[in-house]
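Asks: Be aware that the sequence shown starts at 757, since it is given in this note's numbering, and climbs by one per residue.
Hints were generated in silico from the structure; no laboratory data involved. Don't take every hint at face value.
Unchecked claim - Derived CB-CB ranges, DEER-like:
no.	residue 1	residue 2	range
1	Arg780	Ala815	39 to 49 Å
2	Arg780	Thr858	32 to 42 Å
3	Gly885	Ala854	24 to 34 Å
4	Thr858	Trp896	36 to 46 Å
5	Ala892	Ser1023	24 to 34 Å
6	Gly816	Leu989	20 to 30 Å
7	Ala904	Val769	40 to 50 Å
8	Leu838	Trp896	38 to 48 Å
9	Ala892	Gly783	51 to 61 Å
10	Gly816	Ala857	31 to 41 Å
11	Gly885	Ala855	19 to 29 Å
What you are looking at is a predicted structure, and each value in this text was computed from that prediction instead of being measured. Note that CB positions come from ideal geometry on N, CA and C, so glycine has one too.
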Amino acid sequence: MRGAWVTAAVPFVAAAGAFMTLHRMHGSLAEDSLYFIVGILGVGAAALGSLVAALAFDAGDYMRRAWLLQGMCYGTLVLNTLLFRSAGHASEHVLSPAAAATSGLFIIVANVASVLGNLRIARAWRVAGLDLRVPAEVRWGAAVASLALALAIVGSTLSQDAQALFGGDWGSLSSTISDLGDVITLALVAPILLTAFALRGGSLAWPWALLSLSSLGWLFYDAAGPVSSALALESAAQRPLEAALRVFACLAQLSAGLLQASVLAESEQSLPMPALRR
757 MRGAWVTAAV PFVAAAGAFM TLHRMHGSLA EDSLYFIVGI LGVGAAALGS LVAALAFDAG
817 DYMRRAWLLQ GMCYGTLVLN TLLFRSAGHA SEHVLSPAAA ATSGLFIIVA NVASVLGNLR
877 IARAWRVAGL DLRVPAEVRW GAAVASLALA LAIVGSTLSQ DAQALFGGDW GSLSSTISDL
937 GDVITLALVA PILLTAFALR GGSLAWPWAL LSLSSLGWLF YDAAGPVSSA LALESAAQRP
997 LEAALRVFAC LAQLSAGLLQ ASVLAESEQS LPMPALRR
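Build the full structure now, drawing on both the sequences and the hints.
Replies: So this is what it looks like as structure tokens:
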């Protein structure tokens, strides 16, 4: 597909540029404003890419709903960032109790939409009747490995937030939902990767490969904090690293959406099997 390499390179270039710029601006008066701008541009781009892909499908198409749910997730994050200047793990903006509750509601909606969208994407191969050309035991092994990795990354945070919630701290509800959403989303990395592998060699390999990279970007984003702490990485590098990984995940989603729309425009086919339309 013409121009696919250029579109696929966007998240890598953007993430590298974000890291170098943010690292260079560490300690400056404009630092927090720059993180806000980078954060809103990232989730905004992901929302745009998801919407472009969704609108390229026919109404009622299986994948249209999946992309719309992804767009709803990122669109909600855009609103949350605009209203409450919450741009990720490293956000240091302090909210009032009412604002924190409203922001928490946005986070819950975004995570529910993300989980539902990723579930539809992860099972698209089964709906389409696509042969992944991978033995069932390998698929199950990959799924278990993804779940184990997700729990290793998010498990301790989930446990702490859940204990606080069950202890009567309702302020931990959004954090607990977010943690659960992260675990489920990260556990779905394996089936998305396997679908991308099965589609290799064709035009659809591009959007699915970028979807896989987006999922991996969020996985690395969630792992960045614990890994940085374990390695005693200085804050001057840790915060830009987390922001760059977030940019990578968001821009990979943008590229995936643009490439999916391009494939549909060229071939008028959503996936190899028409069973995805229902």
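Asks: Starting from the range 40 to 50 Å, see whether the pair Ala904 and Val769 falls in it by beta-carbon distance.
Replies: 32 Å, violated
Asks: For the hint 39 to 49 Å, verify it against the beta carbon of Arg780 and that of Ala815.
Replies: This hint holds: roughly 47 Å between Cβ atoms.
Asks: Does the Cβ pair Gly885, Ala854 satisfy 24 to 34 Å?
Replies: Because 50 Å falls outside the window, the suggested range is violated.
Asks: Taking 24 to 34 Å as the stated bounds, is the beta-carbon spacing between Ala892 and Ser1023 within them?
Replies: 30 Å, holds
Asks: Falls inside 20 to 30 Å, the C-beta gap from Gly816 to Leu989?
Replies: Given a distance of about 48 Å, which is not inside 20 to 30 Å, the answer is violated.
Asks: How does the Cβ-Cβ distance of Leu838 and Trp896 compare with 38 to 48 Å: does it lie in that range?
Replies: 42 Å, holds
Asks: Does the Cβ pair Thr858, Trp896 satisfy 36 to 46 Å?
Replies: Distance hint for Thr858, Trp896 holds at roughly 41 Å.
Asks: Please test the hint of 32 to 42 Å on the beta carbon pair from Arg780 and Thr858.
Replies: 34 Å, holds
Asks: At the C-beta level, are Ala892 and Gly783 separated by a distance inside 51 to 61 Å?
Replies: 53 Å, holds
Asks: Does the beta carbon distance between Gly885 and Ala855 stay inside 19 to 29 Å, or does it fall outside?
Replies: Because 48 Å falls outside the window, the suggested range is violated.
Asks: Does the Cβ pair Gly816, Ala857 satisfy 31 to 41 Å?
Replies: For Ala857 against Gly816, whose Cβ atoms are near 36 Å apart, the range 31 to 41 Å holds.
Comparing the model with each numbered hint stated earlier shows that hints 3, 6, 7, 11 do not hold.
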